[in-house]
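Since each chain comes alone in its own frame, lean on the hints to assemble the complex.
In case you want the letters, here they are:
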Amino acid sequence: MDKIVVPGEKIGAIEEYIGLNGTYEDSDGNVRSKYFGILSLNREKHEALVIRIRKPVLIEVGDEVVGRIFNISGVFGYVRLEVKNGKPLDRSFIGILYPPRAVREIKNVYNVGDYILAKVVSLKNRAIHLSIAGKKYGVIRAFCRVCGSILIKKINGILKCHKCGNIERRKISIHYDKEWGKIYGY
Amino acid sequence: MSEEFRRVDGRKPDEMRSYKIKAHVLKNADGSAEIRLGKNWIVAAVYGPKEHFPKFEVLHDRAILNCRYHMTPYSTSERKSPKPSRREIELSKVIRSALEQAVILEEYPEMSIDVFIEVLQADGSTRVASITAAAVALADAGIPMKDLVVGCSAGKINGRIIVDVGEYEDKEGEADLPIAIMPNLRRVVLLQMDGKLTHEEFKKAFDMALKGAYKLYEEQINALKSVIKNMEVLEGEDRE
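Sequence order for the protein chains is S and H.
Numbering-wise (the numbering used here), the first sequence opens with residue 1 and increments by one.
Numbering-wise (the numbering used here), the second sequence opens with residue 1 and increments by one.
For reference, chain H alone in the conformation it holds in the complex (with noise of 0.2 Å):
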C-alpha cells in the first residue's frame, strides 16, 4: 500500500465528491432544488401548504408533512421496478422525521405540506442527499423553517474512516454512518448506523460526516442566494 491512502475513486478519506445544489429549478412546482453530489441526481420539488383532503385526517394544531422518497427506474444498474419498495417507504419516513423538526408546521393547521423526492441517478448516499436538497426545496417555497437541514454521511472500509460514502463503498464497506443535522441550531436530525464501529471510530466518523455537513450548507446558501440573482421580479411583497 503507498503512503497515501486513496479510496476507489482516487479519493482522500476526508475527501467529499464534487457537489453542486441548483434551487427553483421546476416551474410548476411551489419550490424545487436538485443537487449533484458525485453521480447522485436527485430533484426535490414542494407543494404547499394546501387543504388537506381527506378531512378526518388533519390535525387541528399542525400541518401534515408527507414526504416521498422514489427512485426512477433507470437509477440503478439494473432496472429497479418503479413500485415503492420496502426500503424506499422506510426512507420516506426517515426523511419526513428529519425534516418535521426544522419545518414550523404549527403555522398551517388542518393543511399539508408535500414533499416529493425524485432519484434519477443514484451513487450512494442518496439519503443524506436528498435530505439537502428537500430543505432547499422547502425554503424556496417560502415555508417557515427553524433552520435548513443538511445531511452527510461517514463510513469504514479496509479499516478506515473514510467520508461521503460512494456506492462501491457502502456495499463493500463495513459500517455507514448517515447523519442530518441544523447546522444553527447544531442539533443532530438523523442517524443511524449500519455495521459496527468503536467508540473512537464512531466519533471521528461523526466529525468528519459533520464536516462535510457544513461545506454542504455553504452550498445550500449559494444555491439559495442566486435564486434572487437569477429573478427578474420580486414577487412576494408582504410588508405587513
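Bound-form chain S, shown alone (with noise of 0.2 Å):
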C-alpha cells in the first residue's frame, strides 16, 4: 500500500507502527511523516516508511568521488570534491586525505594540484574522511613539478613529463589519465 504523505501528516499511532526512516513521534504519540514521500506500510511487522520523492545531495560512506588537492598539511591532503559516483557536483565539499600507509615523503604519494580517485571511508567527526587505498584508487592526473604539464605514465609505473623530461613518482590509479571523461561524466 503506497501513498503519498507531506511533513507532518499522521501515519498512525506508536502502538498501531513502528516508524523507521522519514518518520517521527510527536509529543501526543503518533508517528508522522518527516518528508514529502511515499509511505511504504508492512502491517505485518507493523512498520512505516517514508521515501522521499527528492533527496539533498550529500557524501555518504562507500561514495566514489573525484577532487582535486589544495593544500596538504603534514602527510594530510586537503580536497575539494568535484564529482560524486560520476556526476558533477554542484556545491563545495571538503574531504581529508591519508597516504595509504606509512611514507618517507609525501610528495612521492601525491601532491597539490592533483585529480583523485578516492572512496569516502568515515563521516567521524564531521570530517569526509578519503581513503586511495587499492588498485582502483589514487591520483588520476598529476601535473609537472617544475613546467606544470600533464604528466604521462610510463610502463614501469613513474610518471614522466612530456615537455621538460622530469620525472616523479605517485600512487596512481589504474585509471590514471584513462576514462578521464568518464570518471568526470561528461
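Source of the hints: derived by calculation from the structure; they are not laboratory data.
Please note that a few of the clues may not be correct.
On the chain H side, residues computed to face chain S include the following (Cβ under 7 Å) [what the hints assert, rightly or not]:
1) Gly-142
2) Asp-147
3) Leu-148
4) Leu-224
5) Ile-228
DSS-like, lysine-lysine: derived pairs with alpha carbons at most 25 Å apart [what the hints assert, rightly or not]:
6) Lys-50/H - Lys-93/H
7) Lys-84/S - Lys-27/H
8) Lys-171/S - Lys-107/S
9) Lys-87/S - Lys-50/H
10) Lys-146/H - Lys-3/S
11) Lys-119/S - Lys-84/S
12) Lys-229/H - Lys-3/S
13) Lys-87/S - Lys-27/H
14) Lys-203/H - Lys-215/H
15) Lys-124/S - Lys-55/H
16) Lys-178/S - Lys-119/S
17) Lys-135/S - Lys-154/S
18) Lys-3/S - Lys-225/H
19) Lys-50/H - Lys-146/H
20) Lys-12/H - Lys-204/H
21) Lys-229/H - Lys-55/S
22) Lys-3/S - Lys-215/H
23) Lys-12/H - Lys-39/H
24) Lys-203/H - Lys-171/H
25) Lys-10/S - Lys-211/H
26) Lys-10/S - Lys-215/H
27) Lys-55/S - Lys-146/H
28) Lys-50/H - Lys-55/S
29) Lys-229/H - Lys-10/S
30) Lys-10/S - Lys-225/H
31) Lys-3/S - Lys-22/H
32) Lys-50/H - Lys-124/S
33) Lys-225/H - Lys-55/S
34) Lys-163/S - Lys-107/S
35) Lys-50/H - Lys-119/S
36) Lys-204/H - Lys-215/H
37) Lys-20/H - Lys-215/H
38) Lys-20/H - Lys-3/S
39) Lys-84/S - Lys-55/H
40) Lys-22/H - Lys-55/S
Just so we're clear, the structure is a prediction, and the values are computed from it rather than from any experiment.
Here a beta-carbon is modelled for each residue, glycine too, at the ideal position from N, C-alpha and C.
What follows is the structure, given as C-alpha cells:
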C-alpha cells in the first residue's frame, strides 16, 4: 500500500506502527511523516517507512569521489570534491585524505594540484575521510612540478613530463589519464 | 450601506482571494514553490543542506537556517530600491523564526539551509504568503520537517473583521493580524498584530485567519502531490 504523504501527516499511533526512516513521534504519541514522500506500510511487522521524493545531495560512506588536492599539511591532503559517483557536484565539499601507508616523502604519494579518485571511508567528527588504498583509487591526473604540464604514465609506473622530461612518482590509480571523461561524467 | 457588507474588491468579510500554489517551479534550486494569492506573486527557493562557510559561524548541534525575504523593484506601484530595507530585514527574521520551528535542523549539524523568497508582485499579506510558499519549497527539497507551515491574515476595516487582508485594506484598515500555524500539530508559529482589537474582536479575527490557513493548507498538499504526477522518474530511492 503506497500513499503520498506530506510533512506532519499522521501515519498512526505509536501502538500501531514502529516508525522507521522518514518518520518521527510527536508529543501526543502519534507517528508522523517527516518528509514529502511515499509511505510504505508493513502491516505484518507493523513498520512505517517514508521514502522521500527528492533527496539532498550529500556525501555518504562508500561513495566514489573525484577531487583536486588544494592543500597538504603534514601528510594530510585537503581535497575539494568535484564529482560523486560519476555525477558532477554543484556545491563545495572538502575531504581529508591520508596516505595509504606510512611514507617517507608525501610528494611521492600525492601533491598539491593532483586529481584523485578516492573512496569515502568515514564521516566521523563531521569530516569526509577519504582513502586511496587499492588499485582502483589514487591519482588520476598529475602535473609536473617544474613546468606544470600533464605527466604521462610510463610502463614501469613512474610519471614523466613530456615537455621537460622531469620524472616523478605518485600512488597512481589504474584509471590514470584513462577514461577521464567517463570518471568526470561528461 | 447595503444589507450585505462588501469589501473594496467585492469580497464578503470571510472570503479569501483566489489562490494557487505550484511546487518545483525552478530547475536549478533544490526545492522551490510559487504562490499566487490575489495579485500577490511570490517565488521561494531552497538550497541545501550544504557545508556552511565561514566555518567559525557553524553550530555544532544543528543546521543554520538562512532566510532572505526580498521585494523586487517592480513589485510595488512606485519603484522600490532593491537594497534590503529595514522592513525586509525584519520580515526575513520573522519568517526564519517561524520556519525554524518546523524544520528538523538537528539532522544536519554544521550545515546550513538557505531559503530565498522573492516577491515579484505585492498585494498585501506578503509575509504569510511567503511563509506558505517557503514551507512548500522546503518540503519539495526533501528537508525533514515536523509539519508544513501555513499562514493567513485577518484584519479590521470600518469596524468589521475581515480575512485575507488586501493592500488597500492593510493601509486604510484599523488592525492587521497575520498568523502562521503548523496545522497538524496545532501550533502557532507566528502571531503579530498591528493596530487595536478588543478581546472579542481578536478572538473572531484569529478564528477567521485560522480557517483561511486551513484552506491554504489543502492547496499546499495539492501542490506537492501534483509534483509526483508530473514527474517522469522517481529519483530518491533510499530504502535504507
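- Item | Unmet hints by their number, sorted upward, for this structure | none
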